[in-house]
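Asks: These are the residues of each chain, in order.
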Amino acid sequence: MIGYRLENRLKQARAELGLTQTELALRVGVSRKTINTVENGVFTPSTTLALALAAAFERPVEALFYLSRGEG
Amino acid sequence: MSETEILAVVRRFEWRRKVGLGMSLLGVVVAGALAVQFVPGDPDHFSRTEFLALGAAAAAFIACGLILMRLGRIPADARTPRIAMLRAERLQGRRHIALLLMPASLGCMLPGAIRAAGHVADGRLVTHIDLFTVAAFTAISLLFALMIAGRGLDSWAKPVLDDELSRELRGRALAVGYAVVLAGVAALFVVALVSRTLAVELIPVVAALGVAGPALRLFLLERAAGGGGEA
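For the protein sequence lines, the chains are E and B, in the order given.
So for the first sequence, this note's numbering puts the first residue at 1; every next one is plus one.
So for the second sequence, this note's numbering puts the first residue at 1001; every next one is plus one.
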């Protein structure tokens, strides 16, 4: 969508639970690189992955991902 | 068994498997060299003794390779998701080296493939060496393309090497190959208007670029995606 950018609070959520990127990757079943690129906003996850990440944190997906006005 | 010990056992197992695979492939190459002898045309053939000796060598290489690949088992502890991830990340490092070596190996084979294509274009006699060179070049190009496309990955490595990010990066890399081949074929049409021989000789170059381009692109994309982060 033009004008929107997907942001996330993955790093904060991970820090709250004391999880490393590897541990989160193992929970979700993806590579550590994927977690790293999603956290840094380099890679936009699919709906499936976003929901899987939310499930891993036992939070609604909106608590992890949100839209901001920017160069989306 | 500690994590380090498990990884050491796995490393030994993988090394044995790699040597076995190498031997089997060598056997297949020798068998391929013998198989092209049956193609009619070229009057030069291996002698009966050479044929038998090479046939025995090919069979021995393939048999020894298969035995080495089957020897030993990975410990059950190595099948845990964490160890599988560590193994897969190590494998990914080796795949990066392979991606860099692909253009180099195709480049080494290219002169032979161009020479063989030139013989066809000129209507000269196609020798057994030409046939073998073209068959090897085609088989290796296809093998590389399949490796870039992520085919044949072990199931334990898929969470790392075939996850969402990897698939996206592979898709972007393969799109480069598609563009290169499309542009190359269009260029071949134009070249063919001027020189048919040159157009035929350039076919292997287009094929090699169609594989080497995605390999390098995938290497760069994966390296860019891998920067930073924490364990």
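Treat the hints with care, since some could be wrong.
Stated by the list, open to error - If we take Cβ atoms under 8 Å as the criterion, some of the chain B residues that face chain E in the derived model are:
no.	residue
1	Ala1078
2	Pro1081
3	Ile1083
4	Val1160
5	Asp1163
Said to hold, decoys possible - Not close to chain E: a few residues of chain B, all C-beta gaps over 12 Å, as computed:
no.	residue
6	Ser1024
7	Met1085
8	Val1185
9	Ala1225
Claimed, not checked - From the derived model, a few chain B residues whose C-beta atoms are all more than 12 Å from chain E:
no.	residue
10	Ala1157
11	Leu1169
12	Leu1174
Source of the hints: derived by calculation from the structure; they are not laboratory data.
Just so it is clear, the structure is predicted and the values come from calculations on it, not from any experiment.
Where a beta carbon is used, it is the ideal one built from N, C-alpha and C, also for glycine.
Asks: Next step is simple, just say for each hint if it's right about the structure.
Replies: Against the structure, the hints:
no., hint, result
1, Ala1078, "15 Å, violated"
2, Pro1081, "5 Å, holds"
3, Ile1083, "11 Å, violated"
4, Val1160, "4 Å, holds"
5, Asp1163, "4 Å, holds"
6, Ser1024, "30 Å, holds"
7, Met1085, "6 Å, violated"
8, Val1185, "32 Å, holds"
9, Ala1225, "5 Å, violated"
10, Ala1157, "10 Å, violated"
11, Leu1169, "9 Å, violated"
12, Leu1174, "18 Å, holds"
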